[in-house]
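Starting from the given sequences, assemble the full structure and let the hints guide the process.
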Amino acid sequence: MAKPADTRTAGRKAVAKPTRSAAETEKIRAALAARRDELRAEYDQTLSEITELQRDRLTDSAGDDQADTGTKTFEREQEISLANSILERITQVERALERLDEGNYGWCERCGNPIPVERLAAFPSATLCVTCKQLEERR
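Whatever position you read off the sequence shown (first residue = 1), add 138 for this note's numbering.
In short, the hints are calculated from the structure, not lab data.
You can trust all of the hints, since none of them are fake.
Have a look at the derived ranges for each label pair, beta carbon to beta carbon:
no.: 1; residue 1: E247; residue 2: E215; range: 28 to 34 Å
no.: 2; residue 1: A205; residue 2: N242; range: 47 to 53 Å
no.: 3; residue 1: G208; residue 2: P252; range: 48 to 54 Å
Even for Gly, the Cβ is constructed at its ideal location relative to N, Cα and C.
And the structure:
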């Protein structure tokens, strides 16, 4: 019985993946790990600020008018949104490290073509080439 074709790879041209030197791989790994560590520190700082805002809200709310309460709620929600965004970026960097270990780093997950070095330099956790990313954003 024949296996059904993977619709993501159907019609894809086979591109030979050149091997990356061990030194290049380690340089990329170190940069990704450093970025992950920066993001974790930023995430921890944001959580600390959320905790402080919550503590201030509980202890300093006596005598607040509606505007003060609204401002404090807005600030807390803004910090929570920032924390979620940072957490998403941490996940993206960890996924890039996994792809590096698997030998798939730098290759578009949709079309299989190489992701330009310039794109990876600007956005090291990119999983799609520019063309595929533009197609995704149009949806």
